[in-house]
Structure formats: structure tokens, C-alpha cells
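Undergrad: What follows is the residue order along each chain.
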Amino acid sequence: MASTAPRPYQNEDRRRGLRIFQSHFVTGLAVLATVLVVAPLVAIFGYLLFKGASSLTWAFFTQIPKPVGEVGGGMGNAILGSGIILGIGSVIGVPIGIAAGIYLAEFGRGTKLANAVRFTADVLNGVPSIVVGMSVYALIVMREKHFSAWSGGVALGIMMIPTITRTTEEMLLLVPHPIREAALGLGLPNWRSVLSITLPTASAGIITGCMLAFARVAGETAPLIFTAFGNAFWSHRLDQPIAALPLQIYIYAISPYDDWHRLAWAGALVLIVLIVISVALVRYAAGRAVLKGAG
Amino acid sequence: MPHAVSAEGGSEPPSPFLSPIRIFLNSRGDAALTDRVFAGLMLLSALSIFAIVIFILRQLIGSSQLSLHAFGWHFFFRSAWDPVSGDFGALPFIYGTVVSSLLALIIAVPLAVGTAVFITEMCPRFLRQPLSFLTELLAAIPSVVYGLWAIFVLLPLLRDRVNPVLIKTLGWTGFFSGYNLGNGMLAAGVILAIMILPLISSITREVMTAVPSNQREAALALGATRWEMIRVGVLRNARIGIVGGVILGLGRALGETMAVAMVIGNTPHISKSLLDSGYSMASVIANEFAEASDDMYRSALIEIGLALFIVTILVNGLARLLVWAVTRGAPARAH
Numbered sequence: 003m004a005s006t007a008p009r010p011y012q013n014e015d016r017r018r019g020l021r022i023f024q025s026h027f028v029t030g031l032a033v034l035a036t037v038l039v040v041a042p043l044v045a046i047f048g049y050l051l052f053k054g055a056s057s058l059t060w061a062f063f064t065q066i067p068k069p070v071g072e073v074g075g076g077m078g079n080a081i082l083g084s085g086i087i088l089g090i091g092s093v094i095g096v097p098i099g100i101a102a103g104i105y106l107a108e109f110g111r112g113t114k115l116a117n118a119v120r121f122t123a124d125v126l127n128g129v130p131s132i133v134v135g136m137s138v139y140a141l142i143v144m145r146e147k148h149f150s151a152w153s154g155g156v157a158l159g160i161m162m163i164p165t166i167t168r169t170t171e172e173m174l175l176l177v178p179h180p181i182r183e184a185a186l187g188l189g190l191p192n193w194r195s196v197l198s199i200t201l202p203t204a205s206a207g208i209i210t211g212c213m214l215a216f217a218r219v220a221g222e223t224a225p226l227i228f229t230a231f232g233n234a235f236w237s238h239r240l241d242q243p244i245a246a247l248p249l250q251i252y253i254y255a256i257s258p259y260d261d262w263h264r265l266a267w268a269g270a271l272v273l274i275v276l277i278v279i280s281v282a283l284v285r286y287a288a289g290r291a292v293l294k295g296a297g
Numbered sequence: 371m372p373h374a375v376s377a378e379g380g381s382e383p384p385s386p387f388l389s390p391i392r393i394f395l396n397s398r399g400d401a402a403l404t405d406r407v408f409a410g411l412m413l414l415s416a417l418s419i420f421a422i423v424i425f426i427l428r429q430l431i432g433s434s435q436l437s438l439h440a441f442g443w444h445f446f447f448r449s450a451w452d453p454v455s456g457d458f459g460a461l462p463f464i465y466g467t468v469v470s471s472l473l474a475l476i477i478a479v480p481l482a483v484g485t486a487v488f489i490t491e492m493c494p495r496f497l498r499q500p501l502s503f504l505t506e507l508l509a510a511i512p513s514v515v516y517g518l519w520a521i522f523v524l525l526p527l528l529r530d531r532v533n534p535v536l537i538k539t540l541g542w543t544g545f546f547s548g549y550n551l552g553n554g555m556l557a558a559g560v561i562l563a564i565m566i567l568p569l570i571s572s573i574t575r576e577v578m579t580a581v582p583s584n585q586r587e588a589a590l591a592l593g594a595t596r597w598e599m600i601r602v603g604v605l606r607n608a609r610i611g612i613v614g615g616v617i618l619g620l621g622r623a624l625g626e627t628m629a630v631a632m633v634i635g636n637t638p639h640i641s642k643s644l645l646d647s648g649y650s651m652a653s654v655i656a657n658e659f660a661e662a663s664d665d666m667y668r669s670a671l672i673e674i675g676l677a678l679f680i681v682t683i684l685v686n687g688l689a690r691l692l693v694w695a696v697t698r699g700a701p702a703r704a705h
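From first to last, the protein sequence lines stand for chains A and B.
Heads up: the first sequence begins at 3 in our numbering, then just goes up one per residue.
Heads up: the second sequence begins at 371 in our numbering, then just goes up one per residue.
Keep in mind that the hints are not guaranteed to be accurate.
Claimed, not checked - Computed footprint of chain A on chain B; a stretch qualifies when at least three of its residues, placed anywhere within it, have a C-beta under 8 Å from a C-beta of chain A:
(1) 423 to 436
(2) 482 to 493
(3) 514 to 527
(4) 627 to 635
(5) 650 to 659
(6) 681 to 693
Worth flagging that the hints you see were computed from the coordinates, not collected in a lab.
Quick reminder that beta carbons are idealized off the backbone N, C-alpha and C, glycines included.
Same shape as in the complex, but just chain A (with noise of 0.2 Å):
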């Protein structure tokens, strides 16, 4: 028995060392799946700015665009457009996305109701934007029989409840107990205590999920093409097509002139560079205070 007993150490010696190699192969594996996914992003950044910020002008945040073959010309207009939409769109959004919240979090705590509200605004998530797009044309542009800016407005609101909502809920979920109990205490109302003293309470973590849907939002152009339908010229009337930056971004990347493509460059990196501060912002208040009094 003694004398065969060497031989298995060895093997298990060679295994171990096929092991340890193994794990380190996989590291490495990881390591450049990292590197793989870091590099479009720094591509695409990099491109951005290097791309972008050349044509940076003042005019092109205070022009409209100039006709094919004359130089110069912005995105005044697209700027302005955006603006006006995604402020219709955060009317609509925010307040019911919240209330929603509010139901989810405060009400509806553990009721089959609740679940399938939560699971629905999962869903509603993944549903392409486009699809949003359409139905909002089917209901708003063909009954109007013409594109306008609200019609653009509806649908980006409705794009931002599901975000909302499921963000305002995880954040009041994470208020404590005893603050309801010390106001319910105090002999506040129930609506009161929800709107006076939970809701601020968590109202850093709120604001930040509304911004991020706002964020999220505000790139979207696939919605925009038939209900804001984008101008070439200022307007602000809410009945009337309007510009957006993305829409302008799309119709010039897809043009054949140089000129339209710097546009298009520099439009990318002033909506990238508004998506960004507001998305940093959000992880910031997110790491910092959620709760503000509490935690």
C-alpha cells in the first residue's frame, strides 16, 4: 500500500497546477471581457469630444439650422424643442409616476394588486419606445389629423412612469418605520403623514429617479419621429411640430453633408454631456443621502 501511495500525491500535484492555471485563465478572461466593454464606451466618448467640441459655437446654441450648402447654423430651435417636450412630458410623468409609487410603497405593501402593478411597470420598462410612439400617434396625430409638440410630450411622460414609480417605491421602502409611527403618533392623517413626512424623507432618492428617467428620456428619438415630427424653424407652440435634439441629431447623421454631420456630432455631445451630469448626479445623491434624518 505504502509504496503506491506516491503516485496519486502526484497526480493530484499535476491537477492542482491545471487548476491554479485554469482559475488564472479565467481571470484573464474576465479581465479582457472588462477591457472589451470599457473600450466602446471611451471610443465613443472619445469621439464625441474630439468630434463634438470642434464645432461648438456659440451660434449653435442660438441658431437654426441654415439650408444645405450655407456654413454655420445650430440647434437652437432642437434645444428649445426638446425643452418644451420633455417639461410636458415630466408633467404628465412625474406626478403619476410617484402617486404610483406612493400606492405601491405606502398601500399596497405586500397585496397581490401591488405585485401585479410592480410586475406590469417592469414590463411597460421594456416596451420599445417606438411602440409608445405609435400608439400615442394613433390617439393624438390622427385624431388631430397634424403632428404637434404634446402629442411628443404624452409619450415621453408615459416612457417615464413605470421609471418613476418604480424608483419612488424602493426609496420609501426605505424609510423607517417608527418615522410613520412618530407622525401617526402626533395625530397626523395618514395623507399628511405621507406627504409631509415620509416623502421628504426620501425625497434626495425620488429626485434622483425622476432625473434618471428624465435622462433616459430625454435621448429618445424613436418616439418623437411621428408625434413631435421636429421643424427646421423656432417654435414653441404646443399644437405645432416641433424640433428635438435628438430628432435633429438623426436626420443629420443620416444626410450626406459634412457640414450636417458636425451638427450632428456636436448636437450627440451636448445631449451626452446633459445625460451624464444628471446620471453622475444620481449616483452621487444615491451614495450620499437617501434618506435625509434617517439611515
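Position chain B against the provided structure of chain A, taking the given hints into account.
TA: Relative to chain A, chain B alone:
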């Protein structure tokens, strides 16, 4: 409804649903009324989420009647697309959507899982936050910016560097042949892969962090190497959630519109070659809907939208159920 406030040392057990305080408050006249109105308003907002889904479904079904009646089920198996003579079929678009999405999954899944494994299990602590922030940024870039980048950077890269190699080495399979213009199915797959990576990666990270750490400790205590610990202790426990994340990514890829419309080539035909141009369901809507003047044309496009809606609802629903099955009962989410 807030949970029952347990009366400390009280002899009578409080009602399971209403605390004594709540019963008292409910009995106060106007507070009871405003409370009920408030709760009703919140409930209404929550129900509006159902209403949105029903609204979308009704609008899409209502506006696609013409094409539904004219073509029936055959709509999805015909490859005619002739707006002039009013003859429509969705097969080329379905083919384009499915092929580009599957291509995206093939590219994205190994990378996303690899990144998630690296971030949650391997990387030094100080890199964890910046890396997850970077992958999150990738998710925040709008579709149209991806499309812009793809047109001016990715397509030339594929055309000049990648495709010639593919044609030379794999041309005999028939998947990589034909004109090499840069755009087409492969380009769509690559850009989709970049776009769904962060989603799959973040879900994978979420389910991997949900695996209790004693699973890892047990594996290590038995003498497992790091990779064996990850494979046996983490990935095996998280696999259902990872599959959920992958399906979620598939749902995102199926509905992705702008970036695909900008690179896929936009020609409604079916070709075996991945270098050939194609068309996807979402991009045909984006390109042609605003100009669709006659009713049958518009109705056919809306029917494609309806199909897309139903498919993404089913895919997303399935994915959510899988992710929930894993993360339910897990401690607070950690990104």
C-alpha cells in the same frame, strides 16, 4: 397601509391589519374622508399603469384592423413589401429583428457575464465603483448617439478591418459573402451587443451579489480555486437570474430602433449573408411610418408594431419572473 404598531406589553394582540392608532384616526370624520380620497388617488395612479398597457394594445389593434383583415396570419409569413400596390408581409423584418438580436446576444452574453464576474468577484475594491459606473454610463447613452457613432466609426472599421478577414476565413460558409459596404446585419448585431451589454451585466451583477456569501466560503473551504468557487458557488446559484438578464437583454435588442435603423441598411429582403443589408421591425416603423400616406400601408406598419409590442411584453415578463425568482428574499440590492 402602514404595518400594525405593536402595543408594547399590551395584553390584547393588535388587529393584524389596523393599528389602534389607525382605527382611532380612521374614526375621525374629515381625516377619514381625505385619507380615503388620498388613498384613492394613489390607487388610481397605480392603476394607470395597467391603463397604459391596455391603451397601447387597444390603439394598436384598433388601427391595424385593415391589415389584420386583409392578410390575417399570413402577414407574418409573407415577404412582399410593396406600398404601391398595397401588398404587405412582415417576414423580412421579423427575420432581420431576430437575426440581429441573436447575433447581439452571441456577442454580448460572454462579455457581459465576464465583466460581471470580474466586477463582483475578482476586481480590487477600489475599481469596483468606477467600473460599475462606467458600464452604467454605457446604458445611459441614447440610441441615436450609438447610431451616429456606428455610422462614422464602427461601419468604416468593420468595412476596412473586420469584414475582409471574415470573408477570407469564413466566406465558404456563406454567412460572410457579398458586397462589403460595412452596414448590414453584422453591424446591427455589433451595435446592439454594445447597447444591451450594460443591462445584462448589471442584472448579472445583481443576481450574483444576491448569492449568499457562505456559498463562496464553503467552496473555498473545500479547497476550490477562485474560478471553481465562482463556477460552483456563484454562477450555479445565480444561473436562473442570469438567464433572466439575458432574456431582458433580448427584449431590449428586439425593440431597439434608431441605432439599428442607422446601420442595418434598410432593404426588406432576406439574405443568408450577415454582411448583406436587412431591415428590422422597429426600424421599418421608424423609417416609413411618418410617410405612410395610405391607410393600408399605415395599418400594416401598425400591425408590425403590435407584434413587436406583444413579443416584447412576453419576453420581458418571462425575464422579470426569472430574475425575481433569484433575487426575491435577497438582502438589499447592491449595484
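Undergrad: Are the hints correct? Go through all of them and say.
TA: Right, here's what the structure says about each hint:
{"no.": "1", "hint": "423 to 436", "verdict": "holds (count 7)"}
{"no.": "2", "hint": "482 to 493", "verdict": "holds (count 9)"}
{"no.": "3", "hint": "514 to 527", "verdict": "holds (count 9)"}
{"no.": "4", "hint": "627 to 635", "verdict": "holds (count 3)"}
{"no.": "5", "hint": "650 to 659", "verdict": "holds (count 4)"}
{"no.": "6", "hint": "681 to 693", "verdict": "holds (count 7)"}
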